[in-house]
Amino acid sequence: MNWVLENISFIASLLTDHIVFSLVPVVIGLVIAVPLGWLANRAGFGRAVVVNLAGLLYTIPSLALFVFLPVILGTGILDPINVIVALSVYTVALLVRTVADALEAVPPLVVDAATAMGFTPFRRFVAAELPISVPVILAGVRVAAVSSISLVTVGSVIGFGGLGQMFTDGFQRSITAEVVAGIVLVVVLALVVDGLLLLIGRMLTPWDRTARAVAQGATA
Amino acid sequence: MIEFRGVTKRFPDGTVAVDDLDLVVDSGRITVFVGPSGCGKTTSLRMINRMIEPSGGTISVEGKDIMSRDAAELRRGIGYVIQQAGLFPHRTILDNIATVPLLLGWNKKQARERAAELMDTVGLAPEMAKRYPAQLSGGQQQRVGVARALAADPPVLLMDEPFSAVDPIVRETLQDELLRLQGELGKTIVFVTHDIDEAIKLGDKVAVFRTGGKLAQYDEPGVLLSRPADDFVDSFVGRDRGYRGLGFLSSDGLPIGDLPVVAIGDRMPTDGWALVVDGERRPLGWVARGTGTVYEDALVPGGSLYDAGAGSLRAALDAALSSPSGRGVAVDGDGRVLGSIGADDVLRGLADSREADGAPGADVGRPVTDTDAADRVG
Ligand SMILES: Nc1ncnc2c1ncn2[C@@H]1O[C@H](COP(=O)(O)OP(=O)(O)OP(=O)(O)O)[C@@H](O)[C@H]1O
Ligand SMILES: [Mg+2]
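Read top to bottom, the protein sequences are chains A and B. The first sequence maps to residues 1 to 220 in this note's numbering. The second sequence maps to residues 1 to 378 in this note's numbering.
Take these hints with a grain of salt, some might be off.
[To be verified] Covered, in the sense of this in silico footprint (three residues per stretch, anywhere, with C-beta under 8 Å from a C-beta of chain A), are these stretches of chain B:
id: 1; stretch: 66–75
id: 2; stretch: 84–91
id: 3; stretch: 97–110
In short, the hints are calculated from the structure, not lab data. Note that the Cβ used here is the ideal one computed from N, Cα and C, for glycine as well.
Model the full assembly from the supplied sequences, consistent with the hints where possible.
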């Protein structure tokens with residue numbers, strides 16, 4: 001405990017790094033995944049290609065990605081850009097399928113009615129298909145965020161910042177308190193982010209809760 | 001006016017859903033497309049707003065070829081109501097109704113005011129405004145669907161089996177309200193159903209389709225019942241068509257006979273039946289011959305009433321058949337008793353009108369006019 005108090009500013013800077021490294025890629029990944037998911041859902045044949053390609057990306061080991069990205073991007077070995085890009089790739093890989101599935105689950109009747117009312121495809125996507133997909137997409141974002149938070153610790157092993165440094169540093173210098181504090185902080189961060197996302201989702205989709213409450217009432 | 005000229009729809013798999021359709025939908029009227037499942041009703045309807053593109057022929061709305069217009073823009077000017085409403089689950093009822101005005105660029109406040117107005121028009125309580133579609137019953141959702149279609153006040157309304165997913169009682173209410181609304185709004189409505197009774201009740205004109213997308217007959221409902229074009233239409237129109245056809249013939253001019261009336265507290269009739277009326281000559285029920293005075297518990301519920309001025313032969317006949325005394329009660333427009341009629345009077349009136357057929361002054365059996373529409377029961 002003493003160790004933690006003595007190094008509070010060091011820990012705070014690691015925590016900040018960790019948040020940036022893990023969550024910026026989630027935002028970037030989501031922004032890329034939405035149009036890709038839309039494309040996948042639109043083109044029947046393209047769907048399999050896009051979704052499978054994205055799935056393939058996810059199977060690349062994270063360590064390998066961290067090591068090879070500098071070669072591909074021409075960045076420095078320990079440039080934080082590498083982490084951001086690598087984790088954005090994973091987020092895209094995770095979310096493309098989620099977005100495509102979510103869009104596919106939008107009731108065709110609703111899409112049809114929107115078209116018949118005179119929505120152009122783009123406006124219909126923004127006004128109806130995307131918002132109706134939010135609950136499903138958000139569930140995917142929560143998974144992506146938590147896995148991103150844990151993947152940042154892998155980056156720490158090869159020297160990137162973030163709370164993972166507390167593991168490597170603590171092991172090397174045999175400071176148990178540092179290792180334990182690192183683990184606890186990562187877990188707490190994941191829980192807090194997950195909880196916040198859940199909350200944001202609730203605020204964005206008041207209709208979803210009422211719909212589910214009605215459905216439950218009906219089966220009760 | 002919506003005009004189909006030689007319209008054909010062949011789907012990529014070779015199915016001919018609509019075959020060389022020529023048809024004119026009158027402005028300000030309800031035109032019903034009816035026919036067995038798969039006969040091309042929905043396809044014909046959806047070609048009007050270009051949800052399906054015709055493979056041959058032309059369709060024009062108010063004289064303009066629909067293919068010459070931008071599809072999205074065309075659709076904003078045509079209301080569309082479908083089965084199960086297809087409401088946006090993520091928007092409140094008010095915002096669902098405001099959809100098309102917002103698409104047309106109205107500001108939010110205007111659009112919502114208009115939506116609130118329409119909730120009232122279609123009979124939705126104001127407190128529903130903030131609810132989501134999942135919190136409404138099927139019948140209420142259907143009302144929202146109608147309100148949404150009307151929001152931007154389009155001259156044309158397309159309705160594809162809008163009432164077929166609700167129970168019969170609600171359906172009947174919704175049908176009645178559509179007729180009432182139409183009385184106020186005078187839209188050009190194309191209404192698709194596979195239910196011939198609904199078609200006859202709602203339609204100013206009815207187009208009967210046969211399988212293969214061919215138009216079998218296009219006429220006013222009374223004509224459909226009295227003169228079906230062929231065996232297909234005859235069997236599709238179904239049983240009791242002679243009786244249902246009476247719904248389209250006026251009861252005006254039937255000889256209304258005397259009717260003994262009494263009030264509560266009067267002496268009981270010494271012979272046969274008497275109709276008990278209130279202070280304004282409105283019927284309360286019947287009493288049979290007896291002793292003492294008429295008291296409330298002695299009343300036998302009456303049958304249906306018919307409006308002597310605006311009723312149909314069907315209403316008159318039903319009044320006679322459903323009355324415990326065998327005498328149908330004729331009332332005036334305010335529901336006051338005028339007299340009575342027997343089933344034989346109705347049949348004689350019908351026979352006379354057949355003989356006179358079209359002779360001037362022969363009121364009995366003349367087609368029921370629009371103001372009598374409320375009396376048409378399917
Ligand atoms: N997209 C499509 N591709 C191929 N065939 C189709 C398509 N849509 C409809 N059909 C066929 O066209 C015919 C007419 O269909 P339509 O939906 O117009 O019938 P309907 O009269 O509305 O029937 P229902 O009362 O069952 O709704 C049917 O045989 C149907 O199977
Ligand atoms: Mg149909």
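Verification of the hints:
Counting residues of the stretch 66–75 of chain B whose CB falls under 8 Å from any CB of chain A gives 4; the rule of at least 3 is met. Residues of the stretch 84–91 of chain B lying with their CB closer than 8 Å to a CB of chain A number 8, which satisfies the three-residue condition for coverage. Coverage of the stretch 97–110 of chain B by chain A holds [criterion: at least 3 residues with CB-CB distance below 8 Å; count 3].
Against the hints set out earlier in the document, no violation occurs for any number.
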